[in-house]
Amino acid sequence: MSKNEPVYIESVMCPVPIRDRGHIILGHGSGGKLSGDLIADLFLPPFDNPALRAGDDAGVVDANYCTQLAVSTDSHVVWPLFFPGGDIGKLAVCGTVNDVAMMGAVPQFLTAGFILEEGLEIGLLEKIVASMKDAAAEAGVQIIAGDTKVVERGKADGVYINTSGVGLMLPGTEIGGALARPGDVVIVSGTIGDHGIAVLGARGDLGFETDIQSDVAPLNHLVNAMLETSDNIHVMRDPTRGGVASTLNEIAKQSGVGIVLDEGAIPVQTAVRAACEMLGFDSLYIANEGKLLAIVAREDADAVVEVMRKTKYGEDAAIIGEVTAEPPGRVLMKTAIGSTRIVDVLMGEMLPRIC
Amino acid sequence: MKYIDEFRDAELVKKTVSEIHRVAKRPSPIMEICGGQTHAIMHFGLDQLLPDTVELIHGPGCPVCVTPLEQIDKALAIAARPDVIFTSYGDMLRVPGSGKDLFSVRAAGGDVRVVYSPLDAVKIAQQNPDKQVVFFAIGFETTAPANAMSVVQAQALGLTNFSVLVSHVCVPPAMHAILGSPDNRVQGFLAAGHVCAVMGYWEYPPIAEQYQTPIVVTGFEPLDILQGILMTVKQLADGRAEVENAYARAVTFAGNKPAQAVINKVFRPCDRKWRGIGTIPASGYCLRPEFAAFDAEQRFAVGDIQPEESELCQAGLVLQGLLKPDECPAFGKECTPEHPLGATMVSGEGACAAYYRYKRK
Chain A
1 MSKNEPVYIE
11 SVMCPVPIRD
21 RGHIILGHGS
31 GGKLSGDLIA
41 DLFLPPFDNP
51 ALRAGDDAGV
61 VDANYCTQLA
71 VSTDSHVVWP
81 LFFPGGDIGK
91 LAVCGTVNDV
101 AMMGAVPQFL
111 TAGFILEEGL
121 EIGLLEKIVA
131 SMKDAAAEAG
141 VQIIAGDTKV
151 VERGKADGVY
161 INTSGVGLML
171 PGTEIGGALA
181 RPGDVVIVSG
191 TIGDHGIAVL
201 GARGDLGFET
211 DIQSDVAPLN
221 HLVNAMLETS
231 DNIHVMRDPT
241 RGGVASTLNE
251 IAKQSGVGIV
261 LDEGAIPVQT
271 AVRAACEMLG
281 FDSLYIANEG
291 KLLAIVARED
301 ADAVVEVMRK
311 TKYGEDAAII
321 GEVTAEPPGR
331 VLMKTAIGST
341 RIVDVLMGEM
351 LPRIC
Chain B
1001 MKYIDEFRDA
1011 ELVKKTVSEI
1021 HRVAKRPSPI
1031 MEICGGQTHA
1041 IMHFGLDQLL
1051 PDTVELIHGP
1061 GCPVCVTPLE
1071 QIDKALAIAA
1081 RPDVIFTSYG
1091 DMLRVPGSGK
1101 DLFSVRAAGG
1111 DVRVVYSPLD
1121 AVKIAQQNPD
1131 KQVVFFAIGF
1141 ETTAPANAMS
1151 VVQAQALGLT
1161 NFSVLVSHVC
1171 VPPAMHAILG
1181 SPDNRVQGFL
1191 AAGHVCAVMG
1201 YWEYPPIAEQ
1211 YQTPIVVTGF
1221 EPLDILQGIL
1231 MTVKQLADGR
1241 AEVENAYARA
1251 VTFAGNKPAQ
1261 AVINKVFRPC
1271 DRKWRGIGTI
1281 PASGYCLRPE
1291 FAAFDAEQRF
1301 AVGDIQPEES
1311 ELCQAGLVLQ
1321 GLLKPDECPA
1331 FGKECTPEHP
1341 LGATMVSGEG
1351 ACAAYYRYKR
1361 K
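Those protein sequence lines, which keep their order, are chains A and B. When you line the first sequence up against the numbering used here, it's residues 1 to 355, in that order. When you line the second sequence up against the numbering used here, it's residues 1001 to 1361, in that order.
Looking at chain A on its own, in the form it has when it is part of the complex (with noise of 0.2 Å):
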């Protein structure tokens, strides 16, 4: 063809699209749409009971006429192993302990189950066991059972770690991802995506180097706290993997609410910025492992931010938007520039963009 002859349209082509996948990604464990939608269709119905379809980090029960107890399980299959902040030991005790904190409850007993490879070294897996430790007494827990077991070289990668942990419910809580109200407000306890982006750049994936620590942290103490001063606590949760943007759309969905975001309120790291900048990714996105957000009665709200900011793992605790009647199970963010756009949950794997 010649460089000046006109271009007709032969097409419009597309693809086929792929919706019955019939096999596991990695999508299916980003903690984003591919993950709800395998718990709606796959786990939910057979399993179905009202704790579970509640759809909170701990599903809470009736032990006996006067105590009810919240209880969570999460399995840790970080790689690296370690990484600035902490290692897989102390994230296996700080994500259960923080589940069942996010539900108002007091975590008191956890369980810690060890898929172990062949080959890995004894020295290793006691730093872990040692982190664990402290992590557990720093939250006031005890590990009262575990099992082990080890599988062929190859066919895990070093040492995963599943934990489950109950709680006793404070008499008189009531707190839910579906509970949050118009004219609540949004609070995040501290600067968003370190943990993300520290894990990140443990792998070597950065292509440069940071100082970023993940913020790995029981937050259980922090609860209390918060509890302590306010019984208008509606919605508590950790923003792990997914990130809080994640996070709170699925706390706009079952609450049937909007929220919305103030872009320049938002706590983040300059370190955690430049590295999202240069990698294309959002830090709202980005995985928290030491941060909550609390959806709360706007009378209470500067009280409990006051409060937080007094603990250790919630000095930089901010009001970072609001709840909504509109549009219900959407969440928006108002730009320092004066325009609106939507958050949305994420999708697939965190993608970097290519040029």
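There could be a bad hint or two in this list.
What the hints assert, rightly or not - Simulated crosslink set (PhoX-like; lysine-lysine; CA at most 20 Å straight-line):
{"hint": "1", "chain 1": "B", "residue 1": "K1324", "chain 2": "B", "residue 2": "K1359"}
{"hint": "2", "chain 1": "B", "residue 1": "K1015", "chain 2": "B", "residue 2": "K1025"}
{"hint": "3", "chain 1": "A", "residue 1": "K253", "chain 2": "B", "residue 2": "K1359"}
{"hint": "4", "chain 1": "B", "residue 1": "K1025", "chain 2": "B", "residue 2": "K1014"}
{"hint": "5", "chain 1": "B", "residue 1": "K1333", "chain 2": "A", "residue 2": "K253"}
{"hint": "6", "chain 1": "B", "residue 1": "K1333", "chain 2": "B", "residue 2": "K1359"}
{"hint": "7", "chain 1": "B", "residue 1": "K1359", "chain 2": "A", "residue 2": "K334"}
{"hint": "8", "chain 1": "A", "residue 1": "K149", "chain 2": "A", "residue 2": "K127"}
{"hint": "9", "chain 1": "B", "residue 1": "K1025", "chain 2": "B", "residue 2": "K1234"}
{"hint": "10", "chain 1": "B", "residue 1": "K1014", "chain 2": "A", "residue 2": "K334"}
Please keep in mind that the hints were generated in silico from the structure rather than gathered at the bench.
Based on the hints, put chain B in the right spot on chain A.
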């Protein structure tokens, strides 16, 4: 954060926006070529700030979106081979070929790896001498230098287990095709800043002259884009059709000469099919004959693959600026980022994905 915050300054944005409102009195359909700019426009909601007279038409500058289906099917066929480690930029993994995507190939046991740089793929080839390592060399002039460099390096290292599946496209021939089309509505162009950082903008004055259309080299931050729009509407108001540079901190007229040299060393211009648009003459890069040993299409004999197409998707009209994403009947219904009918809904730079993410009703 330095070099970011000053280009997102709310006060300066307001000033520039009010200047655009003052100048743009006549209808001005302007095309931003680059998908990165489309994404930034939606992310920052810049279109909400503009007067009704300024219509932004989203161009075909998303390499993932315009990579033709048969190239993706070739990638799927190569990646499924047990002797192959297939490496790609992340965005390509989700683009559906005929019936599956690279994620599915990986889930079915294929060794598919995301790399940030093609030079990482060369390293993987060095570390795995018993495997064939293939890199999916897609993109515009922005990715071409690094992709070309990977071939140069592989040759220097004497690697016989490294090859590239090339699907490169170039901006100026696409601008010719759009402006020369009988349906064209575009009256001004924001030229893609990153492409121009490599190529300069010496290729554009003949286009501006031939079609009497202003072209402004534009960056990616809110103020960059608004400044590019302002300069374009000023030209339209004055009846000028010139090439101007609103991204001087990154772009020079001549561009990056060593980068252009490595492109020319490894690639030659060739006709290239654009997904949704068709074949545009001399619009792509192919490997020069002296580098044929690194051509994955030859190494794996995947030349005859014939794709199947969906009929619902109208990405072709979107890529040519003839249809806004949310005007497509499948938008947000049959077609979502989870179940994309077309690549424009897949890539972070695709216009449909940007609308879905930031703007759906």
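Consistency of the hints with the structure:
Proximity of B:K1324 to B:K1359 is assessed by CA-CA distance (about 12 Å); at most 20 Å being required, the pair is judged to hold. Distance restraint check for B:K1015 and B:K1025: the Cα-Cα separation of roughly 17 Å lies within the 20 Å cut-off, and the hinted pair is therefore satisfied. As the CA atoms of A:K253 and B:K1359 are separated by approximately 18 Å, the hinted pair is consistent with the 20 Å bound. Simply put, B:K1025 and B:K1014 have alpha-carbon atoms about 18 Å apart, close enough for the 20 Å limit, and the pair holds.
For the hint linking B:K1333 to A:K253, the alpha-carbon distance of about 18 Å falls within 20 Å, and the restraint holds. In summary, the hint linking B:K1333 to B:K1359 is supported, as the alpha carbons are separated by about 14 Å, within the 20 Å threshold. Proposed proximity of B:K1359 and A:K334 is supported: the alpha carbons are some 13 Å apart, at most 20 Å. Taken as a hint, the A:K149 and A:K127 pair is honoured in the structure, with Cα atoms around 18 Å apart against an allowance of 20 Å.
For the hint pairing B:K1025 with B:K1234, the CA-to-CA distance comes to about 10 Å; that is within 20 Å, so the pair holds. Proposed proximity of B:K1014 and A:K334 is supported: the alpha carbons are some 15 Å apart, at most 20 Å.
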